[in-house]
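Engineer: Sequence:
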Amino acid sequence: MHRRSDSLLTEPKLRAYYGIGALAELAGMTRHVMLRLLRRSKVRFVRLGRVSLVPLTELEDRVPTLWRYLHDIHEGKRVAKT
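Residue 2 is where the sequence shown starts when you use our numbering, and the numbers rise one by one after that.
Hints listed in this document are in silico derivations from the structure and should not be mistaken for laboratory results. Small disclaimer: the values here were computed from a predicted structure and weren't measured. Every clue listed holds true.
List time: in silico DMTMM-like cross-link candidates among lysine to aspartate or glutamate, alpha-carbon distance up to 20 Å:
(1) K43 / E59
(2) K14 / E76
(3) K43 / D62
(4) K14 / E59
(5) K43 / E61
(6) K14 / D73
(7) K14 / E61
Could you put together the complete structure from these sequences and hints?
Structural biologist: In C-alpha cells form, the structure reads like this:
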C-alpha cells in the first residue's frame, strides 16, 4: 500500500519534516533500509500517531550526506531520478 504522503512529488520541495518513505524514495532505497540507516545514525523521530517523521535539522546534524543531497535536489543541482 502506498501513502500519498510518501510519494515523490514531481518537483521535490525542501520540507521541515520528511516521512521515512519519502526519504527512501528520494534516496533510491527501500524504506526498511532507510529506517536502518536513520536508526544507526541515532536520528530522533517525531511521532504523530502511527506516523514517524524525520526533522530536517536531525538530518543536517546526524546524516549530513543525505541532508546535502536533499539540499542539492532543492537547488536543482541534481536530478531526483536518474
